[in-house]
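Q: If you read the protein sequences in the order shown, they are chains A and B. Mapping the first sequence onto UniProt numbering, position 711 (from 1) lands on 711, and the numbers just tick up by one. Mapping the second sequence onto UniProt numbering, position 76 (from 1) lands on 76, and the numbers just tick up by one.
Derived by calculation from the structure, the hints in this document are not laboratory data. Glycine included, each C-beta is placed from N, C-alpha and C at the ideal position. Any given hint might turn out to be false.
Said to hold, decoys possible - Quick look at which bits of chain A chain B covers, simulated, 3 or more residues with Cβ under 8 Å:
no., stretch
1, 121-131
2, 246-255
3, 655-663
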Amino acid sequence: MTTVAANGHRTAFVDNDGKPNGHGRMLRKEDPRFVRGRGRYVDDLQLPGMLHLAILRSPLAHARILSVDTTLAEAHPKVRLVVTGAMLAEKGLAWMPTLSNDVQAVLATDKVRFQGQEVAFVVAEDRYAARDALELIDVEYEPLDAVIDVRTALSPEAPVIRDDLEGKADNHVFDWETGDAAATDEVFRRADVVVSQDIVYPRVHPAPMETCGAVADYDAVDGKLTLWSTTQAPHAHRTLYAIVAGLPEHKIRVVSPDIGGGFGNKVPIYPGYVCAIVGSLLTGKPVKWMEDRAENLISTGFARDYIMRGEIAATREGRILAIRTHVLADHGAFNGVAAPVKYPAGFFGVFTGSYDLEAAYCKMTAVYTNKAPGGVAYACSFRITEAVYLVERIVDCLADELRMDPIELRMKNFIRPEQFPYRTKTGWVYDSGNYAPTMELAKQLAGYDELRAEQAEKRARGEIMGIGVSFFTEAVGAGPRKDMDILGLGMADGCELRVHPTGKAVVRLSVQSQGQGHETTFAQIVAEELGIPPQDIEVVHGDTDQTPFGLGTYGSRSTPVSGAAAALVARKVRDKARLIASGMLEVSVADLEWEKGSFTVAGDPNASVSIQDIAMRAHGAGDLPEGVEGGLEAQICYNPENLTYPHGAYICVVDIDPGTAKVTVRRFVAVDDCGTRINPMIIEGQVHGGLTDGVGMALMEMIAFDEDGNCLSGSLMDYLIPTALEVPDWETGFTVTPSPHHPIGAKGVGESATVGSPPAIVNAVVDALSPFGIRHADMPLTPSRVWEAMQGRPLPPI
Amino acid sequence: MQVPAPFEYQRVGTVDEAVTLLDRLGDTARLVAGGHSLIPMMKLRLANFEYLIDINELHDELGHIRVEPGLIRIGAMTRHRELLESDELAAAFPIFRDAERVIADPVVRNRGTLGGSLCQADPSEDLSAVCTTLDASCVIRGTDGERVVSMEDFHQGPYETAVGDAEILTEVRFPVRPRGSSAYEKVERRAGDWAVVSAGAALWLDESGLIANARVGLAAVGPNTAGIPGIADALRGQPPAEELWARAGDIAAESCSPATDRRGSAEYKRHLARELTMRVLRRAAARINGQEV
Chain A
1 MTTVAANGHR TAFVDNDGKP NGHGRMLRKE DPRFVRGRGR YVDDLQLPGM LHLAILRSPL
61 AHARILSVDT TLAEAHPKVR LVVTGAMLAE KGLAWMPTLS NDVQAVLATD KVRFQGQEVA
121 FVVAEDRYAA RDALELIDVE YEPLDAVIDV RTALSPEAPV IRDDLEGKAD NHVFDWETGD
181 AAATDEVFRR ADVVVSQDIV YPRVHPAPME TCGAVADYDA VDGKLTLWST TQAPHAHRTL
241 YAIVAGLPEH KIRVVSPDIG GGFGNKVPIY PGYVCAIVGS LLTGKPVKWM EDRAENLIST
301 GFARDYIMRG EIAATREGRI LAIRTHVLAD HGAFNGVAAP VKYPAGFFGV FTGSYDLEAA
361 YCKMTAVYTN KAPGGVAYAC SFRITEAVYL VERIVDCLAD ELRMDPIELR MKNFIRPEQF
421 PYRTKTGWVY DSGNYAPTME LAKQLAGYDE LRAEQAEKRA RGEIMGIGVS FFTEAVGAGP
481 RKDMDILGLG MADGCELRVH PTGKAVVRLS VQSQGQGHET TFAQIVAEEL GIPPQDIEVV
541 HGDTDQTPFG LGTYGSRSTP VSGAAAALVA RKVRDKARLI ASGMLEVSVA DLEWEKGSFT
601 VAGDPNASVS IQDIAMRAHG AGDLPEGVEG GLEAQICYNP ENLTYPHGAY ICVVDIDPGT
661 AKVTVRRFVA VDDCGTRINP MIIEGQVHGG LTDGVGMALM EMIAFDEDGN CLSGSLMDYL
721 IPTALEVPDW ETGFTVTPSP HHPIGAKGVG ESATVGSPPA IVNAVVDALS PFGIRHADMP
781 LTPSRVWEAM QGRPLPPI
Chain B
1 MQVPAPFEYQ RVGTVDEAVT LLDRLGDTAR LVAGGHSLIP MMKLRLANFE YLIDINELHD
61 ELGHIRVEPG LIRIGAMTRH RELLESDELA AAFPIFRDAE RVIADPVVRN RGTLGGSLCQ
121 ADPSEDLSAV CTTLDASCVI RGTDGERVVS MEDFHQGPYE TAVGDAEILT EVRFPVRPRG
181 SSAYEKVERR AGDWAVVSAG AALWLDESGL IANARVGLAA VGPNTAGIPG IADALRGQPP
241 AEELWARAGD IAAESCSPAT DRRGSAEYKR HLARELTMRV LRRAAARING QEV
């Protein structure tokens, strides 16, 4: 099925009146509270007697701590507690595990290893006093040389950052490889054409509108800790707190209330959360920690920071044979990557893209530097952003070499529909796909041939216009528990559904929304299966005391994993409802026909009971069929059989001012295929947001450092994120290729546009600059960097 | 949330009250107008003052755009939005509307003031470049009365002005000459960003259509926004022409002293000084003839 929905954002409001009982466009149930300012975020929480925590951070990127004097801070009349790394070390809490089997300092004890690292904290009666008292703490540092340039991190002269690790004598984190090196080398040897390109994906930051924070409230009487925190994974966090802090898990309640954007930034456990817990344990009071904007930008999970060399081998006719890549990955001072443990480079292995190759190989080296830790964050689907950027850039380089149209080259090499499920040369099994119609639709929506004609005319006049194409396949919905776990926790998701006597329902999820619209989408999934209107279904999420276990929302996994769980749990309820209906209608189960919301006796349309009638019977005094318990509820834990593989075709049109080199994104056509579409309006919203993200990364975003390791991007005046003025009217369309293994055929879509758009924009800029002899230019394509490229010196950003 | 260090706060109702208070408190005090530069600096604790004197109530006294024969007087508390919306001002000096359209965002423009912009003395500040271009003079009032200084003398380095500890900028005056027009253009990485480089130009013709005077002001290419006298010398007495703008662009590129930073390389900024100077002179000339380019 192929349906065109150009300019979806304009039609959205028209279709909203449909009030679907199941899938379809409907306004988001959660929006009334957000648009009225009634959302409840962590920082809105006020508890009686609550104290405020502020963190002293290192001004230096690399230095030995000689002494920390807290005397004056402790003397501040409003200060209740001052804690240093040495004090935490006495309690065995100075270090905590990261999500990648490394350790990270909660508060520095021996050395500071990046600018902004946590050194001490103060708990005071108000936020102002806590911040003032930080200035009364005197820390004596012995500055050390910092490792900032990732390319020299492994040189023998480089200072060793992680001398806390036993026997560590260099800055090496890991080597990782995938694919077949020998087979790939062989294909490269016999290929007609080989193109190589150095490609940098700079360090960027998720920069959610809400920064990270927590309120910890330890009740010494019943020994229960309640932690309201900005987390995308409340259950995983609770278990880790139990393991790390030794608190019994049933005495920890993690609540993730409304979250103002996550983008992966809120997956890791940050020292600040632990400090808040320690602060509450030691003071016996609720303690709030809320980082400020600068703290968020300089210390929390960054993303990307890959230096890649891409190589592509092809025949003269444009048949792509193999891709080979070497990557140098900057992991910062601690390996804080949040990815399934068997995947240290995330899902970068899908760098083979949407193409049917003979061979592929990747070798990656990850190193420590004196920069903030993190690595997998920012809507990246576990490094697929980097992988897609690499392949889509290098394919364009090949098109340039072959003087072939970039769409034609891609079409020639797509995995064909009959090849699915398709096993890539790096071992990923793509579940389903039908690429050519998606590409064709994008081409048609863009008016591609006319655009090329326009470009030719403009070039003749000295104007600079570019058309960029990207085609991506993502691997989302982690993941099958046999392959995927985070610190031993399998990536399956629980779900519970209870239908109340009057036929209203509550569905309890393990995943947590940071703006994705779960309260609507999951109600619609259950509505589609049970025929209960979405307005009658309450979605409960984000509170570990009220929801079943599961690994949380990131990597576009909510719909592929928890969405499947919600559909299946609803079907379980429907199965029980069928038994009850057979009793009510006095027929055998086999004689019942289900039509959304009711069971009818085959051949007798008047003999029918609704799901609401059945719910009342399930809870009522009347008889139930033999062996059937009262109540109408079910629970499930869904273990996905495979990831889901959404795809999309994007076309971007840019104009570049020849005098100022400023890039304007004039048009952007995005055709996404995420399988079954539950709420098209929400999907379009996600796509719009991701495309805007893409404009930011392609044109302006970068976390930069000077040679001493000072972060130069610690405010939103220095770290630019795009506004409505930098983006065009998005033109969206879609095709539908359902996932064969997902119960409703849906695939994840939350990160598709963030993954797919940067290469389309960069490809458009490079296409525009091709008359200047340019084949590649690195992000961020600021006016200055574009101008340098026009002068024949396209400089890498680092 | 970023929080500033403790400070005392006093709101004043008249200029005299402000000056008296400043005289008493000395350099421990700072005036706050729109606050969009000062307050963030205080929250980041890059600036700490014991006293803030809030002069927003002086808007009645100092919030005006007065068009007089040969002179436009703008009160220091006139807000960006008022400068943007004034048709009278746009008729005399279209450069103001050009600039205000690209200054920050509506939230900042609703609150920020002309006086605050000039007193902040940021080398990238747009209105400083506009005032330099238009050969403005600044009226400064202190305990001993008023004095008037030229824009060249007003800015004394990055974030430094001629305004003393016990003084307040009250008004900016702009000479109006016949047969003139003006224009402004800014290159920024993103809407609301500080200028990578920006340029303003004002051009006046004599009765025979030759250039009587030409002024160009540049922002973000030196310690302060700077006027370029060499351009006036090169253009005076010439008929407006494309090659003149190119020559002026060359002079602008040679006269500026940009530095490489995250906004761009020094070479690029020098290129922009040339490019933007040409563009704004071209547009100002066209506007004299009633055309928009």
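Q: Please go over all the hints and tell whether each is borne out by the structure.
A: Results for each hint:
1. Under the rule that three or more residues need a Cβ within less than 8 Å of chain B, the assignment of the stretch 121-131 of chain A holds, with 3 such residues.
2. Remark: the stretch 246-255 of chain A is not confirmed as covered by chain B, as 0 of its residues place a Cβ nearer than 8 Å to a Cβ of that chain, below the required three.
3. Counting residues of the stretch 655-663 of chain A whose C-beta sits closer than 8 Å to any C-beta of chain B gives 4, which meets the bar of three, so the coverage hint holds.
Of the hints listed earlier, the one the structure fails to meet is number 2.
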